Amino acid sequence: MFDDIKTADLAYVGKKAGRPDMVEKLTGEAMFVSDMELPGMLHAQLKKSPHARARIKHIETAKAAALPGVRAIITGEELDYHIGLYIVDKYILAKGEVRHYGEAVAAVAAETLEQARAAVEAIEVEYESLPPVLHHMDALKPDAPLVHPDLGTYSYVTAAFTPKPGTNIANHTKLRKGDVDKGFAESAYIVEREYSCPSVQHVPMETHVAIVQWGKGDKVSIWTSAQSPFTVRNLFCHAFKLPHINVRVQTPYVGGGFGGKAGIGVEPLCAVLSRKANGKPVKFQASREEEFSLLPCRSALTYRIKTGISADGRILAQHMTMYWDSGAYADYAVNVTRASGFSASGPYEIPNAWVDAYTIYTNKPYGTAYRGFGHVEFHWAVERHMELIASAIGMDPLEFRLKNALRPGCHTMTGEEILPGTGNVVKCIEEAARRVGYGTLTAAEKAREKKTGWKIGKGVAALQKAPAMPSFTATSVVLKMNEDGSVLVNLALCDYGQGTYASIRQIVAERLGFDIEKVKVAFENDTDRDPYDWQTVASKGLLLSGNAAILAAEDLLKTAYAVAGEALRANPRDLAHDGTKVYIKHHPSKSVSFSSMAVGLAMPNGNGIGGPLIGVGRYIAQGLSNLDKETGEGNPAIDWTYGAHGMIVEVNEDTGEYRVLKVASVYDVGRAINPDIVRGQAIGGMIQGLGTAICEGYIYDQQGRLLNPSFTDNKIPTAKDLPMEIECAVVETPQVDGPYGARGVGEHSMISVAPALGNAIQKATGAEITHMPMRFEDVWRAIQKKEPIDNWITKSPVGSCRSAPELRNHE
Amino acid sequence: MVYEFRYLAPRTASELAALLDGHKTDGKILAGGTDLIPNIRNGLMKPRVVIDIKKYEGADRISFGSDGLSMGPAVTINDVLRSKDARERYPVLCGCAHELASHQIRNRATVTGNVVNASPCSDMAPALLCLGASAVIRSATGERIVPFSQFFAGVKKTVLVPGEFLERIVVPAASAGAVGRYMKLKRIAGHDLGIVGVLMTRHEGRLRFAVSSAAPTPVLVDTVTEKDSPDEAARKVLAAVSPISDVRGTREYRVHMIGVYVRRLLAEVR
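Protein chains in written order, with my numbering: chain A, 1 to 811; chain B, 1 to 270.
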């Protein structure tokens, strides 16, 4: 849809451009909800369940209510609102039964935080503890307790999901392509293995926080640290059955989200407290511990893959079964399952494919969206599997990947044909491999091995992801010209740290032909002011909102040309413009300035024409379709961003200790609108991916209590954990319908970092690691061929990675 | 957790001793607060009275004299790292101090707090054990000196009795110049509690090992001699510890890594 122009011919796109939020954030001037205080504001605190599963017999609040400063106390019993993104399965406060450790059962609003805390401690809850179901594989057993016995009565999005009432299966996504049995029958080798990864936490710098004021006439004002103000408004209105016009959601600067603030969070809780406290604004900010167990995490995954390969190393058939641990509520996990289901093979052609992806309820904190939306987890499996297949059939893993990688003419598992403009995963893999000197060790590396005694290994892993979003996802951008001819950009796609606003600003300045200093993107978002955007998720922001920004700029120019044409007595077709004025092409001295037209042009005699200059850009995803629920066939992807990581690691074989010497990441971004921001996303996501690869993960005891509910034992990497050398590069195969050819890369940098590390470790030591994270002890055990520790649920009878490789020859 | 307590800040050491004598059952000493405050916040400790040990004259003194290096109860980890005497004469002390938590926490946390807390994973204890340091313990009724080899009594337990406080740590002058290295196994390269830690010092022909996170208390092993083979040395050290399995690692791996560290240290500390 959009012209592909050489970067050399562009003024701003593809060039260096600073972030509009930089100074405010560096100086602390930027205002976050955490900073906000409203007159008369109350503070909320929560009473939380110490049990993974229990019946709530009685909640005694009288003592708490009598304490000083307490203005409202609410228990689940008095609320009847069910909330949920795709399956409406959650109460605002637990009602009747608690379903995970840390779930809120009662809430207090008081004049000070201390009073609210004291009141929460004075609330007494009588529980009858029930046996929890903790491991998602245990939850599939016929005698497993049901987390949601009433699943059959819940409403859900029927076009996309298939819950199984009477079981713990919240959703079953299927994909069937070709003839798998035939493919296996024709295979020379069959490799079947199982991979796993635990739940992890997003760890945004700003924990979840909201202030809600339930005003007179049910007019509700919400200030929240969220990724998607319009989705907060929409879900909120559905839950409370309020007209959308009654609810206003504002998101000032947001201190990170990574998917954890994608849907609706603590807003309903503050709302019911505010309503009960006669409309006083109520603020709740989660503590770091609450971030780990009250708020959602990333789902754990167990992934079994069985692959049939021809004698010359071509994949003929693949059978894939994903078991996603949803935790106590379906939230985004069901859609993670769906999106992972159609992408489950990674960027490889699978002629005969069979996918069953299950989302499974357990009595644990629930899973939600997390950067990559399932792709970090299942690429761990797929890209380790590719490595293990290659080593099992005696082929180089890089060659095996290249042989099976998607190329133009190939078909994805949902039947979509790969076109030359789709993106080039082959080039990404080759470039990542080249940048780490894959396949050999340099003289310096050999000398280093000799000196340290540590083995150096090099690995490569590829990745793909398309936005997981409704087929009709839409957005809009509005440009408003100011009196001096500068332009204000309003949009509801949020910039919560990823830097999209810098790129939007470049696109607007580019298309208007204005000096970039004259373009401002309004940072704080407001559903009463900004035009609609669905959500800031899925790495779709730049593509959809970038297109809308181009359309808005064109609309503004068209309006300006109409006014100028009238003023200059010229046909708009004969007009041109520069950064300050519209002029007649064949009489360039005859012009009218943008500033004079900005809010309506006054003619010399005083007559007014035009009116304020506003440009509107609307864009909706095109050509996408629902997937067939039985076969998974259809078109789910607006764009595929491909990429690959190359990694060099040195490993001590005697201890399992390792150091990452180099990471080279390559993505086909179509066009890097702002190369520094692409680099920022590339490094930020890579280190986040490395964190989940080296140490992160929830560990539970047998009662379902989180054993590492804080930074003491739930470590995340620090600056000291950065690899010694980092390279980022882009391949630019223009996206034909992307703004200036661009496609998204926000999530991709986190995907396949872990398998690149696992593959490099395997190259160095032969260790066949199939579960994440790879702590030094895990690596040591794999090298020593010892039983892996399965302490994600301590002493769980269910092993997470005990499957042995199955390799058989089909003569 | 909302918890109210009285906060007292005595101005002299004798006033401190008298206050502690009067609050033997309900008082807690506040030094850096990096353990006490989280413990109060998490409801694990409920002192009625919190007595700040940092405010009396001389509490933050670190000095070197004929006795050796003397550190008052308010001396922070970063004070040690900034001290010229510590850096030049007791590099081992600084090596361990560097491994303790993050820079921000080292600004608050004190050396005495780290040992009085008596966590098995104390990072300062190995240095004090290997350097032969002593605890000068004071109370309203007198003073006693306990070598750190006899200071720890169990998990989070020391020989201090109610009413007593650790007034000074003295690292003997005779230990000045000891060389050594502290190896601490962590989950990330940044700040972390140790999975295991092993310190080895070599001084005037004498070897000493101290191990953290491998027994109910930090452990000193001074039976290894120059004549022992690396394997024999590892055997001696391992005989003195009893690691457990927990979320940070298994007993099996801890045992293995202690042996690895002992052998590495013997090769590296010269």
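Do not rely on the hints blindly, as some may be mistaken.
Claimed, not checked - Which bits of chain B does chain A cover? Going by a derived footprint, with three or more residues having C-beta under 8 Å, they are:
no., segment
1, 178-191
2, 199-208
3, 254-268
Said to hold, decoys possible - Below 20 Å or equal to it, Euclidean Cα-Cα: the simulated DMTMM-like pairs (lysine to aspartate or glutamate) are:
no., chain 1, residue 1, chain 2, residue 2
4, A, Lys785, B, Glu4
5, A, Lys520, A, Glu483
6, A, Lys786, A, Glu657
7, A, Lys276, A, Glu111
8, B, Lys186, A, Asp713
9, A, Lys786, B, Asp246
10, B, Lys186, A, Asp721
11, A, Lys15, A, Asp555
12, A, Lys581, A, Asp555
13, A, Lys450, B, Glu268
14, B, Lys46, A, Glu114
15, A, Lys451, B, Asp79
16, A, Lys6, A, Asp80
17, A, Lys520, A, Asp484
18, B, Lys46, A, Asp528
19, A, Lys786, B, Glu252
20, B, Lys156, A, Asp713
21, A, Lys63, B, Glu4
22, A, Lys219, A, Asp528
23, B, Lys55, B, Asp79
24, B, Lys186, A, Asp528
25, A, Lys451, A, Glu114
26, B, Lys186, A, Asp654
Said to hold, decoys possible - From the derived model, a few chain A residues whose C-beta atoms are all more than 10 Å from chain B:
no., residue
27, Met137
28, Ala444
29, Arg781
If you're looking for bench data, these hints aren't it; they were derived computationally from the structure. Computed from a predicted structure; not experimentally measured. Glycine included, each C-beta is placed from N, C-alpha and C at the ideal position.
Right, here's what the structure says about each hint:
Counting residues of the segment 178-191 of chain B whose beta carbon lies closer than 8 Å to any beta carbon of chain A gives 6, which reaches the threshold of three, so the coverage claim holds. Three residues within the 8 Å Cβ limit are the bar, and the segment 199-208 of chain B against chain A gives 0, so the coverage statement is violated. Counting residues of the segment 254-268 of chain B whose beta carbon lies closer than 8 Å to any beta carbon of chain A gives 3, which reaches the threshold of three, so the coverage claim holds. For the hint pairing A:Lys785 with B:Glu4, the CA-to-CA distance comes to about 53 Å; that exceeds 20 Å, so the pair is violated.
Restraint check: the Cα-Cα separation between A:Lys520 and A:Glu483 comes to about 14 Å, which is no more than 20 Å; the hinted pair holds. Annotation: proposed proximity of A:Lys786 to A:Glu657 holds, straight-line Cα distance about 16 Å (limit 20 Å). The hinted pair formed by A:Lys276 and A:Glu111 meets the criterion: a straight-line CA distance of about 14 Å does not exceed 20 Å. Distance restraint check for B:Lys186 and A:Asp713: the Cα-Cα separation of roughly 11 Å lies within the 20 Å cut-off, and the hinted pair is therefore satisfied.
Distance restraint check for A:Lys786 and B:Asp246: the Cα-Cα separation of roughly 18 Å lies within the 20 Å cut-off, and the hinted pair is therefore satisfied. A threshold of 20 Å between alpha carbons decides the hint, and for B:Lys186 with A:Asp721 the separation of about 11 Å falls inside it, so the pair holds. Distance check on the hinted pair: A:Lys15 and A:Asp555 sit about 25 Å apart at the alpha-carbon level, beyond 20 Å; violated. Note on A:Lys581 and A:Asp555: the hinted pairing holds, with a Cα-Cα distance of about 16 Å set against a maximum of 20 Å.
Taken as a hint, the A:Lys450 and B:Glu268 pair is honoured in the structure, with Cα atoms around 17 Å apart against an allowance of 20 Å. Note on B:Lys46 and A:Glu114: the hinted pairing holds, with a Cα-Cα distance of about 17 Å set against a maximum of 20 Å. With a CA separation close to 36 Å, the supplied pair A:Lys451 and B:Asp79 exceeds the 20 Å bound. In summary, the hint linking A:Lys6 to A:Asp80 is not supported, as the alpha carbons are separated by about 58 Å, beyond the 20 Å threshold.
Restraint check for A:Lys520 and A:Asp484: satisfied, since their Cα atoms lie roughly 13 Å apart, inside the 20 Å limit. The straight-line distance between the Cα atoms of B:Lys46 and A:Asp528 is roughly 49 Å, outside the 20 Å bound, and the hint therefore fails. The suggested pairing of A:Lys786 with B:Glu252 holds, with an alpha-carbon distance near 11 Å, which does not exceed 20 Å. Between the alpha carbons of B:Lys156 and A:Asp713 the distance comes to roughly 18 Å, so the proposed pair stays at or under 20 Å and holds.
Of the supplied pair hints, the one linking A:Lys63 and B:Glu4 holds, its CA atoms being roughly 19 Å apart against a limit of 20 Å. For the proposed pair A:Lys219 and A:Asp528, the alpha carbon gap of about 12 Å is at most 20 Å, so the pair holds. Distance hint between B:Lys55 and B:Asp79 is fulfilled; the C-alpha atoms sit about 16 Å from each other, no more than 20 Å. Between B:Lys186 and A:Asp528, the direct Cα distance comes to roughly 50 Å. Violation of the 20 Å bound is thereby established for this hinted pair.
The suggested pairing of A:Lys451 with A:Glu114 is violated, with an alpha-carbon distance near 58 Å, which exceeds 20 Å. Restraint check for B:Lys186 and A:Asp654: the C-alpha separation of about 16 Å stays at or below 20 Å, so the hint holds. Chain B leaves A:Met137 outside its interface by the beta-carbon criterion, the shortest separation being 21 Å against a cut-off of 10 Å. Chain B leaves A:Ala444 outside its interface by the beta-carbon criterion, the shortest separation being 22 Å against a cut-off of 10 Å.
At roughly 8 Å from the closest C-beta of chain B, the C-beta of A:Arg781 falls inside 10 Å, breaking its exclusion from the interface.
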